Each structure stands twice: as structure tokens, then as C-alpha cells.
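Student: Chain residues, written in single-letter form:
Number of protein chains: 2
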Amino acid sequence: MTKHIAQADLANMDNRHRVNFINSLSGYKSANLIGTSSRKNEDNLAIVSSVVHLGANPPLIGFIMRPNSVERHTLENIEETGVYTINHVSQSIVKAAHQTAARYDRTTSEFEATGLTPERCNGFHAPLVKESPLTMGVKLVEITNITHNGTDFVIGEIQWIQTREEAIQEDGYIDLTQLETVAVSGLDCYHSTSRLFRLSYAKPDKSVKEIPLKGISASND
Amino acid sequence: MTKHIAQADLANMDNRHRVNFINSLSGYKSANLIGTSSRKNEDNLAIVSSVVHLGANPPLIGFIMRPNSVERHTLENIEETGVYTINHVSQSIVKAAHQTAARYDRTTSEFEATGLTPERCNGFHAPLVKESPLTMGVKLVEITNITHNGTDFVIGEIQWIQTREEAIQEDGYIDLTQLETVAVSGLDCYHSTSRLFRLSYAKPDKSVKEIPLKGISASND
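As given, the protein sequences belong to chains U and E, one line each in that order.
Everything in the first sequence is counted per the numbering used here, starting at 7 for the first residue and increasing by one.
Everything in the second sequence is counted per the numbering used here, starting at 7 for the first residue and increasing by one.
For reference, chain U alone in the conformation it holds in the complex (with noise of 0.2 Å):
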């Protein structure tokens, strides 16, 4: 049966129905920690499911932060230091990555309350997560207010990426399935996938087809 809803349904729903309703009708979500540090080098770690590409060249990545949530030590080592990474949340640390949504206050790090551990890369001020499968470095590019309702797009230019070597493909395309990243529904819902096929260029006077995959077996991983 479709079910329609109008305004008037939104604006009556209870509080939380209406956040986990609307939360989910974007579709399937990115899953990524965002790691900055202060300048006085307290390590900070927050989940975010609004990872969003913007362009290849310049290599530019944005993610939307909320008007005060929790997530506003990382905004603030951000503008502190301009730079942070993001890390894919795989499988394996899914729940960790989750609690790092909780309340801490601004002293205590993520990684110690939720185990994952922080780590270097060549110097770069802000820390990576050790247990994530692709992680990359970011440099502040711009902080955009969306005024409607004040949360913060922040625009960053990637300056390194980490990640397992097998999973690059020939022609630059990364296999998420063998990283075992993780895409999120509503707020809180985690998946696992399952390729379905890569399609070729679409051209007006053309079907689109399947593109082989070298040296990934069909199946899923």
C-alpha cells in the first residue's frame, strides 16, 4: 500500500518518529570518523554519515555538521588547525565508531573511550584511525552556513589517502566490498553490500552495459 504524506502529517508526527523518518529518505549513506586534533593536541573522533563528494580535480570532499551537536569539538579543531581526516568505517569497527557519537566531554578522546586507536601520517597534525580501512588526510578549504536552518557545510581539498593496495582496480575504481565498508540508513541502521555491476558510460544512443571486473571475483566478498 503507498502512504502519502503531506506537511501537515510531518509537522504532527512526534519528535523522534518525524528524525527517524526524515533521516532516512535520503537513501543509503556514507559511514565515516571524522579525526582532529586541538592545538594543544587533545585527539578528538565523530561520526558522520554525510560524507559527500564534490569534484576530482581539486580532489574536494564535503560533510554537513549540525548547529550544536556533539560534533562541534571537531568543528572547532578544524577551524583551529585546518586540517582533519576522514576514516571509512568497516565492518569490524562499526559499534566504536558508533559511541563516538556520545556526549564526551571536550578532554576526553573518542579513541580511548571507544578503543580505536590513533595514529600519525607523516607529520599531519590531526590523527588517522588505525583500524580503518581507507583513511585520508583533508585541508580546510571553506566552512559554508546553510542559514535555513544553521548547520555548517565544510568543503575540504584530500591531501594524502591511505588504503589497501588490492583494492584499487585498474582504472582508479576502489572496491568498497573488499574494504568492508559500511552504508547507513536513518540514524542508526548499519548494512553490509553486495555489488549488483559496475555500468559503462551512458550514451544517448547506447544501452548501458556491464563492465567487467578484472581481478575481483564476482561473487561478494
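You may find that some hints are simply not true.
It does not matter which identical chain is meant; a pair holds if it fits inside one copy or across any two.
Straight-line alpha carbon distances no greater than 20 Å define the calculated EDC-like cross-link-like pairs of lysine to aspartate or glutamate that follow [as the list claims (entries may be wrong)]:
(1) Lys-212 to Glu-172
(2) Lys-145 to Glu-171
(3) Lys-9 to Glu-176
(4) Lys-145 to Asp-15
(5) Lys-9 to Glu-125
(6) Lys-209 to Asp-49
(7) Lys-209 to Glu-118
(8) Lys-215 to Asp-15
Derived by calculation from the structure, the hints in this document are not laboratory data.
Just so we're clear, the structure is a prediction, and the values are computed from it rather than from any experiment.
With the hints as your guide, set chain E onto chain U.
Tutor: Frame of chain U; chain E shown alone:
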């Protein structure tokens, strides 16, 4: 083996290789079709993998539009009429959805070209995709230009939603596995998903627990 990719390595990559590589870094992405119609009622449909949740109250949702891409017809229609639809891409319509990325001229409807069916909801100007399991009407709020690479961040407020009633859980969460919504990685890889678990709200003094799902079988649908 861990591979470290530095900025110089990125700069030296072949253009297509870099596009595939950088597009993989954000993790899993949502797969949605943006439905629009010009003032002259020419329908347009474009697949995007950048739809992102911005807030529940007001219910805001955003997506990224690259400069000079084929999706510019979509942006022109949104600017002209102020409305659009966002439609989940499910397994059964992946290939048709991917095909909407082909560079059709403005007078060609991607609906006709791909076999997807436009439908109207209560006089809303923009067409929804009849075959999509979750579709919503959105009113434009603002378009923010990201000056660093010329992309536009299109922000809208959700006006109505249509989806299968059975997929909406008691607490408002929508079970996307029931809807067979797909996830995207890189430029062109599509994935089905399996739910691992939902996790409880994180608190500093408690470890997270799995939330039992009412009315959803534990196995994957």
C-alpha cells in the same frame, strides 16, 4: 599492503583514473533520480549520487550539481519552477536510472528515452518516477555556489513523501532493504545491501546495544 597516495601521485594520475579513484573515497552514496519539468512542461530526469540529509525540522535535503554537466537542464528547471522530485533508485530500475545520465538534448524527455513513467502528485509541477519505491516532492530553498570548483549545492524543503506503508517502522525509521533501494560506489558501481543491525543512541557511560526490529525479519529481504 597499505598504499600511500600523496598529492603528487593524484596530480600524475590519468584523468579517468583519478575520476574513478576520487569518486570512490567518500564511501557509499545514495542513488536518486531528480524529476523536473520546465515552464513549458518538458520533463527531465537525472540520476545523482550526492543527495544528503540536512535536517529533520524543517525537513531539508540537499544535492550537488556539477558545473556544465548534463544535469544543467535539471538545474534550469528547478530555477524556473522552484520544485523537483527526489526518487529512490531501486534494483529493478538501476539500468534505466543510469541511462538518464546520457547527454540527451533538452527537448528529449529522459522518461521516454529510458522507459520510466512520469506521474503527477496532486498537481505538483514536477514529475515523480512511478517505478520508484520512495518518492518525494521538494521545494527549492537556496542554491549555494561552491566557488572552489564551481559546483552548486541545491537545498530544498520536503513537501510530501510517498512510499510503501509496510516499510515504515513503528519509530518512523524506513526499512530501505524492503524498498530494495540501492547504494552507489565510485562513479558507476551499484550495490544491494544487507542490514547488519540498528544501534541504540550512544551515551558516554553505556555501550551501544542492537535495537530489536519489530515487524522486520532478521534476514535480508
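Student: Starting from the hint list further up, note which numbers the structure goes against and sort them upward.
Tutor: Of the numbered hints given earlier, those the structure breaks are 1, 2 and 8, listed in rising order.
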